[in-house]
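> Listed here are the chains, written in short residue letters.
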Amino acid sequence: MVPLSYYLVLSALLFAIGVTGILIRRNIITILMSLELIFNAVNINFVAFAHHLQSMTGQVFVVFVLVIAAAEVTVGLAIVVAATRRRTSINVDEFGIMKL
Amino acid sequence: MAKLLFFYFATVILGSGLLVIFLRNIVYSALALLVAFIHIAGLYVLLNAEFIAAIQVIVYGGAVLVLYLFVVMLFNIKRDEPFYRGNLAVALFIGLVILGEVLLAISGTRAYGAPGQLIQATGNTEAIGLVLYTQYLLPFEVASFILLVAMIGAIILAKQR
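As they're listed, the protein sequences go chains B and H. All the letters of the first sequence, read from the start, carry residue numbers 210 to 309 under the numbering used here. All the letters of the second sequence, read from the start, carry residue numbers 5 to 165 under the numbering used here.
Same shape as in the complex, but just chain B:
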């Protein structure tokens, strides 16, 4: 039987990896991908608690986090597409102007 703390430590490590990814990359797509890692770390946490506390609330919340993550990816990539059309560079330092 795997203790709960193993899952929590895994989730914490994945979360920290995601945060570091957002901080060090200059590329908007990789930043969004690190954000997906953060979402998944939180999901692991929810499902681990749902399993160990014998409650369904954790798993239902995972469904909602999945919905939000999918919506955020959609809108985020639409913004990237619109902004990249003009300047053909995905360096996040050049995304200063909000002109679409």
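Each hint should be verified, as a subset may be incorrect.
Now the in silico label distances, taken between C-beta atoms and shown as ranges [stated by the list, open to error]: (1) B:Leu213 x H:Thr15: 17 to 25 Å; (2) H:Phe11 x B:Arg294: 43 to 51 Å; (3) H:Gly127 x B:Arg295: 47 to 55 Å; (4) H:Met77 x B:Val301: 18 to 26 Å; (5) B:Arg295 x H:Ala58: 33 to 41 Å; (6) H:Ile160 x B:Pro212: 47 to 55 Å; (7) H:Phe26 x B:Met210: 31 to 39 Å; (8) H:Ala109 x B:Arg295: 36 to 44 Å; (9) B:Val274 x H:Asn52: 14 to 22 Å.
Under 7 Å between C-beta atoms, here's a sample of chain H residues computed to sit facing chain B [what the hints assert, rightly or not]: (10) Lys7; (11) Leu18; (12) Gly19; (13) Gly65; (14) Val68; (15) Ile102; (16) Leu107; (17) Leu152.
No lab work stands behind these hints, which were simulated from the structure alone. Every residue, glycine too, gets a C-beta built ideally from N, C-alpha and C.
Let chain B serve as the given structure and place chain H on it in line with the hints.
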């Protein structure tokens, strides 16, 4: 046996997470992310959450990742140039601080054996359905509204003039 599987999944998840943030080629990063997603789904099966594992693969592997690859390949995005913005040491330090903070928060956790409304006898999918459509009906409707808004927003933002 469960511990062996857990350690395999955990190692691959963390390894591919590190690959996502450290690889220069964006397509390779996206594929490492796919490996992470699928092993996270394996972890969910280990936690008796088969429905969540299935929708994890379908939504993340089949929709989110496909969107990323579409955008990368449609715009012919080249490799990333000089890699780190700002100071790498500062970013790693902040990452370690966040890790320490989360581990500190975890160490104060007591897993209460609270009696929840578990209906595991009927299988994971039915159990989620029973709770999602009765007790969490309002968040469910709000979630579908969010998806509608996201779809409309994406179409309008990405439209050609």
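> Hint by hint, where does the structure go against what was stated? Just the numbers, ascending.
Going through the list in order, the structure violates hints 12, 13 and 17 and respects the others.
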